[in-house]
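Since the structure of chain A is already known, use the hints to place chain B on it.
There are 2 protein chains.
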Amino acid sequence: MTLFWDNNIGVRDEIIKVEMKMREALYTRSPSMRHIIDYLLEKGGKYIRSGLMILAAGNGDYDSDRITTLAASMEMVHLATLVHDDIIDDSDMRRGKESIQSKFGKDTAVYTGDYIFAKAYRLVAMNYNDHIDRFADRMESICMGEVIQNENRYNSNMNVRKYLRIISGKTAALFGLSILLGMHEAGFSEKESRTMGMCGYHAGMAFQIIDDCLDYSSDLKTMGKNTRTDLTNGIYTLPLIYALGDDKKGMLRDCIDSDRIDMDMIQRLVVENGGLEKSMDLAGKYTKKSITVLKDTGYRNNEEIMGVMKKLLGRKY
Amino acid sequence: MTLFWDNNIGVRDEIIKVEMKMREALYTRSPSMRHIIDYLLEKGGKYIRSGLMILAAGNGDYDSDRITTLAASMEMVHLATLVHDDIIDDSDMRRGKESIQSKFGKDTAVYTGDYIFAKAYRLVAMNYNDHIDRFADRMESICMGEVIQNENRYNSNMNVRKYLRIISGKTAALFGLSILLGMHEAGFSEKESRTMGMCGYHAGMAFQIIDDCLDYSSDLKTMGKNTRTDLTNGIYTLPLIYALGDDKKGMLRDCIDSDRIDMDMIQRLVVENGGLEKSMDLAGKYTKKSITVLKDTGYRNNEEIMGVMKKLLGRKY
Chain A
1 MTLFWDNNIG
11 VRDEIIKVEM
21 KMREALYTRS
31 PSMRHIIDYL
41 LEKGGKYIRS
51 GLMILAAGNG
61 DYDSDRITTL
71 AASMEMVHLA
81 TLVHDDIIDD
91 SDMRRGKESI
101 QSKFGKDTAV
111 YTGDYIFAKA
121 YRLVAMNYND
131 HIDRFADRME
141 SICMGEVIQN
151 ENRYNSNMNV
161 RKYLRIISGK
171 TAALFGLSIL
181 LGMHEAGFSE
191 KESRTMGMCG
201 YHAGMAFQII
211 DDCLDYSSDL
221 KTMGKNTRTD
231 LTNGIYTLPL
241 IYALGDDKKG
251 MLRDCIDSDR
261 IDMDMIQRLV
271 VENGGLEKSM
281 DLAGKYTKKS
291 ITVLKDTGYR
301 NNEEIMGVMK
311 KLLGRKY
Chain B
1 MTLFWDNNIG
11 VRDEIIKVEM
21 KMREALYTRS
31 PSMRHIIDYL
41 LEKGGKYIRS
51 GLMILAAGNG
61 DYDSDRITTL
71 AASMEMVHLA
81 TLVHDDIIDD
91 SDMRRGKESI
101 QSKFGKDTAV
111 YTGDYIFAKA
121 YRLVAMNYND
131 HIDRFADRME
141 SICMGEVIQN
151 ENRYNSNMNV
161 RKYLRIISGK
171 TAALFGLSIL
181 LGMHEAGFSE
191 KESRTMGMCG
201 YHAGMAFQII
211 DDCLDYSSDL
221 KTMGKNTRTD
231 LTNGIYTLPL
241 IYALGDDKKG
251 MLRDCIDSDR
261 IDMDMIQRLV
271 VENGGLEKSM
281 DLAGKYTKKS
291 ITVLKDTGYR
301 NNEEIMGVMK
311 KLLGRKY
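Residue numbers (UniProt numbering), protein chains in the order written: chain A, 1 to 317; chain B, 1 to 317.
Pulled out of the complex, with its shape left as it was, chain A reads as follows (with noise of 0.2 angstroms):
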């Protein structure tokens, strides 16, 4: 269980019933698929979205059977979407150990990712009908968003405008989407949940865009497996896409064109052209608009969601 949450307590005791519940819906009789939701729910993410959704709701009154339930939806979309996520980018590890895909085949990880969905959308069905489309626009995004990328590939004149919409769909969708049906669970309005959701999404953002910065900035061994995995995919995220435009002597583009990836220039290419330096930038701007929209609205718990946010995106915020 992540150590994300330990500092904020309430939330963390609606996390341990998250995953029970995520647990429980995933159960089922076939012992393949039991070892593999066990595999997959041993060392778990950090339950983000869960703990924005649950800190949302905590604006007002909530039920927490009902939340919990929800959150569990929204945490087995995002799992099957990492699953499939890393059969498409060829990923070895996720979350510190073995994918589904490199450990058990893609062909399991196809149907363990279609069978979450399933489970995911079962539980949105059964208890919150009117959530159910909102869930399915956001699948969408998600699914869009993998599109778009995987158009883009190899494509050195991939820009900016592409790469946001790529993560607005896989990252900051969720983002939203889980602060505003928070919000709705509540009891808050419409209007209410959807300007709280803009800051999800913003923040979803900015964490998506600080993750890819991570990818070059840290030093070389840890970040020679993610960005091999990226770079090898032809996937150029921003800190490159950035660097890219800058590329006064055309050196980064061979680079990134030749047969032999050489990480170390790369990286270094993409600090000295200003590509992270302008991510972070960027990540700036979207972390302050979240931000903004807490300080803002200024509901019961949001200095708590901004202290949140703080972990999550850098503490000068």
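Read the hints as simulated data drawn from the structure, not as lab findings. Among the clues, some could well be false.
Chain copies aren't distinguished; within one or between two, either way the pair holds.
[What the hints assert, rightly or not] Distance condition first, Cα-Cα at most 30 angstroms in a straight line; then the derived DSS-like pairs of lysine-lysine:
#: 1; residue 1: 103; residue 2: 162
#: 2; residue 1: 162; residue 2: 249
#: 3; residue 1: 162; residue 2: 46
#: 4; residue 1: 17; residue 2: 103
Coordinates of chain B only, in the frame set by chain A:
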């Protein structure tokens, strides 16, 4: 456009609308996804599930727009399942053309299936709140069918019960749902809808068994492709399972456990051991159950539905 419904002009006209709605629902600004979707719909299937839904709905009065949209959702779920199935089965061919996974790669096939699933859910969520849970439930059945099938690959102790569970999820569930939803849309009660749903379910069981029989009863050239995929992927279907149960000298078991699959020999032994005959008998039992429901309930379209069943499953019923 399929010729299957050319003798049921009313149905055929509705199915033209169904296909149109699929195209509409699947439309995307992404050129690569559009290309894939066009490819998929170019040689669409027989729209069996749609046709059965429409015929069932014709047992009462129904809204053409609602039914065709619902049928489009159903076909989309079915289509997405096929796209993912082909990844799992490593299939090269689907509906006489190269499969998505073979032509575009497994990665593309993963998120193409996810995209179509998401669109299908969205369509159902937007229009048929009362049906979403059933859709989700059948989706889960399909997944579980895949899970159990995968669990039992290369298992020469694979048994009839497991096989029936697999096809129940993978095929019969959607056949049943199609008719159930058609009845529902025509205003019939839950009980009546479920009863007729069983007609579809049993027909689906028979349909899949017959399909699996065809793999072992065609001549070598036509049989070659599909069975090589099934057998070499360790997927043992009913004719083989029955034949293994009557494998007195262990010759059949030796054949399938061998490193080099001798199709000729396997087909011969399956027939000799009575595998085909027993399977067709069981298919006949399911077909009878299906037709009995039609005869017992006697709704106004049941004669026409019976005609379609005979076309699908065999005339002697």
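Evaluated hints:
no.: 1; hint: 103 to 162; verdict: between (32 angstroms within a copy, 25 angstroms between copies)
no.: 2; hint: 162 to 249; verdict: within (24 angstroms within a copy, 63 angstroms between copies)
no.: 3; hint: 162 to 46; verdict: within (28 angstroms within a copy, 38 angstroms between copies)
no.: 4; hint: 17 to 103; verdict: within (28 angstroms within a copy, 44 angstroms between copies)
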